[in-house]
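Chemist: Position one of the sequence shown corresponds to residue 29 (my numbering), numbered consecutively onward.
FYI, nobody ran anything at the bench for these hints, they're computed from the structure.
Heads up, the beta-carbon is just placed ideally off N, CA and C, and yes, glycines get one too.
Just so you know, not all the hints are guaranteed correct.
To be verified - Calculated pairs, BS3-like style, for lysine-lysine (alpha carbon to alpha carbon, straight line, at most 30 Å): (1) 388 with 362; (2) 321 with 362; (3) 210 with 321; (4) 362 with 210; (5) 210 with 315; (6) 362 with 315; (7) 315 with 388; (8) 321 with 388.
Stated by the list, open to error - Beta-carbon label-pair distances, calculated as ranges: (9) 328 with 464: 41 to 47 Å; (10) 434 with 250: 16 to 22 Å; (11) 379 with 145: 47 to 53 Å; (12) 90 with 68: 40 to 46 Å.
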Amino acid sequence: MIRKTVRIVIRLVSFVLSSVLLVAVTLILARAIALRNGPELEWWHTEQINSEFRAAAGESVTTLEQYLENEAVVFAELQTRVDTGASQQKRQRLNRFSQGNLSYPEKSGHNFNRSSEMRPSSVRGGALLLHGMTDSPYSLRHLAAMFYSQGFYVLNLRLPGHGTIPAELDRMQWQDWLAAVKLAAEHVAGQLQAGQPFYVLGYSNGGSLALKYSLDSIEDAGLRTPEHLFLLSPMVGVDALARFSGLFYWLGQVDFFEQSRWLDISPEYDPHKYNSFPMNAGRQSYKLTTTVKEQIQRMATSGSLQHMPPVLTFQSLVDNTVITSAVLDALYGKLPENGSELVIFDLNRLAGLEEFIQPKHDLLLRRIMDEDPGAYSLTLISNRSENSREMHELQRVAGVPGFVTRDLDYAWPEDVYSLSHVALPFPLDDEVYGLESAVSDADYPHLGRVQILGESGVLVLPPALLQRLRSNPFYGYIETRLQEITQPEME
Numbered sequence: 029m030i031r032k033t034v035r036i037v038i039r040l041v042s043f044v045l046s047s048v049l050l051v052a053v054t055l056i057l058a059r060a061i062a063l064r065n066g067p068e069l070e071w072w073h074t075e076q077i078n079s080e081f082r083a084a085a086g087e088s089v090t091t092l093e094q095y096l097e098n099e100a101v102v103f104a105e106l107q108t109r110v111d112t113g114a115s116q117q118k119r120q121r122l123n124r125f126s127q128g129n130l131s132y133p134e135k136s137g138h139n140f141n142r143s144s145e146m147r148p149s150s151v152r153g154g155a156l157l158l159h160g161m162t163d164s165p166y167s168l169r170h171l172a173a174m175f176y177s178q179g180f181y182v183l184n185l186r187l188p189g190h191g192t193i194p195a196e197l198d199r200m201q202w203q204d205w206l207a208a209v210k211l212a213a214e215h216v217a218g219q220l221q222a223g224q225p226f227y228v229l230g231y232s233n234g235g236s237l238a239l240k241y242s243l244d245s246i247e248d249a250g251l252r253t254p255e256h257l258f259l260l261s262p263m264v265g266v267d268a269l270a271r272f273s274g275l276f277y278w279l280g281q282v283d284f285f286e287q288s289r290w291l292d293i294s295p296e297y298d299p300h301k302y303n304s305f306p307m308n309a310g311r312q313s314y315k316l317t318t319t320v321k322e323q324i325q326r327m328a329t330s331g332s333l334q335h336m337p338p339v340l341t342f343q344s345l346v347d348n349t350v351i352t353s354a355v356l357d358a359l360y361g362k363l364p365e366n367g368s369e370l371v372i373f374d375l376n377r378l379a380g381l382e383e384f385i386q387p388k389h390d391l392l393l394r395r396i397m398d399e400d401p402g403a404y405s406l407t408l409i410s411n412r413s414e415n416s417r418e419m420h421e422l423q424r425v426a427g428v429p430g431f432v433t434r435d436l437d438y439a440w441p442e443d444v445y446s447l448s449h450v451a452l453p454f455p456l457d458d459e460v461y462g463l464e465s466a467v468s469d470a471d472y473p474h475l476g477r478v479q480i481l482g483e484s485g486v487l488v489l490p491p492a493l494l495q496r497l498r499s500n501p502f503y504g505y506i507e508t509r510l511q512e513i514t515q516p517e518m519e
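Let's have the full structure, built from the sequences with the hints guiding it.
Modeler: Below is the structure:
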C-alpha cells in the first residue's frame, strides 16, 4: 500500500513538473514568435564595437590613461559605424545615430556619453561615479559638478558597453564592468594625499557595482575602501523573471529567433540612454545582484561586514526597475551599526490620489515605518498632509525609537504622483530630462516634458517611456544630504 502511494505521488509530481515545463516552453516560444512580428532590428542592434574594453584586456589596459585611450578608439569606431549605417537607415528627425539630428550626442561639441575627469586646482578629496544600466555618464553629470565645486577630483566613468550602441550590452559580462570600476578606483585613490577622503557613488546598476567594489575592498588589501558609499536606487534585487532572460538570450542565438535576444526594440531617440534593452543586460544584472547578495550574507556571517563603510542610499518607495524591499532586506538588514542611512521618497499622498495607489505600496511603507529601530537611520520624505503638496522629512536615528519631523522647501509638481527609477539623478531643469524649462538649452529634445495623448497601440514607443517621470523635484535634497557628509571632512 505504501509503495503504491509513493508511485502515485511520484507520477503526480512528474506530471506537474512536465506540465509546468511544457507551459514554460510554450510561453517562451510564443513570445519568441510574437517578437518576430515586432519591430525590425537596426544596425545598432546587430553591429559590434570590436575595440570595447573587456575584463580579459586587463593585461594591456591597466591604467586610466590606457582606458581612456581605448575609449577614444571605441568612439572612433562608433563614428565609422554611424557613417556606414547612415545610408541604411530611414530618415528620422530624432535619431542619436544620425549626424545633424536633434538627438545626435556630439552635436554640442562635447559628448557627455564618454568618461570625464574633473580636476580642481587644489584637490581635497576624490569621487568615483558609476552610472546605471543603458545609461551614460550624462546621468551623473550634475552630481559630478557638485563634487567638483567642493574641491573633489571627480571621475565620472563610462562603463563598458554604454554610450555607444545598445548591441554592446548584448555581449557584455558584469565582470567587464567590475574590472573597469577597479581600474578607475585605483586611479582616483592614487590622486589623493594621505588623509583625503575617497567616495564612490553608484546609480542603479552602478550602485550594485559600487557595493561589489566596496565588499571586495574589505577582503583585498590592494583595493582602497571608500570612506562613504552613496547609492541612488541601487540594483540590489531585480525581478525574479530576470533569471529567465538567459533562456531568451540563448534562444536568440538561433537566427530565426534573433529578436528574442531583446526585451525591448525601440527607436533610439534618447541622446544619452539606450531605449532598446537586450536580454543579456537583464541576465548580467541578475548575476551581479545575486553575487552581491551572496557576498553580503557570507561577510555578515563571518563578521567581516563590520568593516563596511557607511552607506547613504536614496530610494523611491515605488521603483519599477529595482526591488525596494531588497534594499531593506538584502543590504540594510545586514549592515552593522556604522552610520548608514536609508532615505525613502514616498508617493504623493495628496487627497484624491490615495484610492488609485496599489495596496502593496502602502503595505511596504507601513512595514518600513513600523519596524523597530535598527542599526541604520531611516528618513522618509513625504507630504506634510493629505491637503498639501509641500514636503517634510521624518527621520529616525539608528537604535532610537520615534521620528523627528522637519519641514522642507520642496513640493510635488502638479500632476506628478511619484518619483521613478530614472528620475533620481536629474534636477527639474536638466536640458534633456527636466520637467521645467532649462536654463541652458543645447537644442536636444526635451524628453522630460513629453506628454502625448491619443489612442493606445498606435505608437512604436512603449507607453512607459512617455509616462515615466524623468527628473527629480527633490534633487536638491540629495545634494544637500551629500554635502552634509562631504563638506565637514574637507574642512
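Chemist: Out of the numbered hints, which ones does the structure contradict?
Modeler: 10
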